[in-house]
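> Below are the chains, spelled out letter by letter.
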Amino acid sequence: MNLPSDIPATRRPARRLWLWGLLAAPLLVLIALAVMVADCFRLAPEARTLRDELMLSSGAEWQRAIVLNANALTVGVIRAGLSCVRLDPEARAAVQSVGNAGVGVYKLASDGPPPDRAVMLAAADSAMAARGWERAVGVIDGHDLVAVYLPEKDISARRLKCCVLVFDRKEMVLVSARGNLEPLLKLALAQPGFSAQLQNLAKR
Amino acid sequence: MKIMIRYPLAIAILAAGVSINVLAGPPPGQVDFGKLAPADNGEFVEVQIKSNLLSLAAQLVEKQEPAAAKLLRNVELIRVNVIGLTDANRADMVKRVRQIRHDLESDGWDRNVTVQEKKGGDVGIYTKTRGGEALAGLVITVIDPKDQVVLVNIVGDIQPEQVAILADKLNIEPLKDIGAALKDVAPKDAASKN
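One line per chain: the protein sequences are P and R, in this order. Sequential numbering from 1 applies to the first sequence in the numbering used here. Sequential numbering from 1 applies to the second sequence in the numbering used here.
Hints are not guaranteed to be accurate.
[Said to hold, decoys possible] Using C-beta positions, here's what the derived DEER-type ranges look like:
hint	chain 1	residue 1	chain 2	residue 2	range
1	P	K170	R	K63	39 to 47 Å
2	R	L36	P	A38	39 to 47 Å
3	P	E171	R	D103	37 to 45 Å
4	R	N52	P	G21	45 to 53 Å
5	R	A88	P	E171	23 to 31 Å
6	P	R131	R	K95	32 to 40 Å
7	R	K118	P	V173	38 to 46 Å
8	R	K95	P	G59	29 to 37 Å
9	P	L73	R	A91	55 to 63 Å
10	P	I78	R	V115	50 to 58 Å
Everything labelled a hint here was simulated from the structure, so no lab data went into it. Beta carbons: idealized from backbone N, C-alpha and C, even for Gly.
Here chain P stands alone, though its shape is the one from the complex (with noise of 0.2 Å):
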């Protein structure tokens, strides 16, 4: 009958574990926050394969000019830190609405012929086809090219996707959101005029 010499012999581990939790939990934050600050400087997975195309296509070389990426976690901490503040409500349900979001800019970095635009439109359809994205609006006119791309699946007001492109001949702005469209939808809805049109194309 040794037992009691045994309790405190159980409890020493014990102990330990609550002292390297209380060490680590620390780093842990530390590592979180790291990770976090890395992800403010990267883009979404759809838009990096939309660059990484457009970019190979074009034939050119291309300069960094700026990256943000607001992610989730991000957007989070600026939601709560913003449901204290007093805002408009429009300011309010975009805020609620937004998701995630990201932009890059990237510039030519040689003033060279411009590159080929549809060759650089039908690059980037073939690389987010495989990915699951289709476009749903090309625009080439001038020096511009913009599309907007859209998952093929899983697209409702709750859960919608999207990544924008704009070519302006020298520079390239990609942009991907991720959002819950139900609070500025429900903010449209209740303005007195949103309806109005919509009266006389039902009437027909």
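We have chain P; now place chain R onto it with these hints.
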């Protein structure tokens, strides 16, 4: 033994599902205009709105405007192509649009309206019926030999005069112009103006 039966059965059901999908093909009102590419320095607009986005638009208006939502739900696909004409592609594109019209007529599409203007503008509106009453699709072809060629395919039960509603609702600029022109055109008046 049960497992031995279950797996081949599951595979057979899956295979049947896949083959039915393959056999189903595109809906009857859908037209493949083929690969359309812009000419060098030419204008090019392509809008393709599928049922997923259309149902999202329908959700937007469902509570307050059920009729508009119903119209949107009747449509499965909207495709609009605008190809700017240059000396390099003018002849080819005009020939291609005429070929598309010819193919439509061969495939049982009804030519509802044909307008040939003195300046060379040429508009054709084609519809395909499904089961006698409902429309399966609508095709609008516009040749403006100086500027552009416009091809529109709307899959679903929609009358030509309702194009303006869709264009306004979905804010598709090239379709707005056509929609405005079609507002006064009765679908069954097979008019021809030479």
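> Among the hints numbered above, which are violated by the structure, and what are their numbers in rising order?
none
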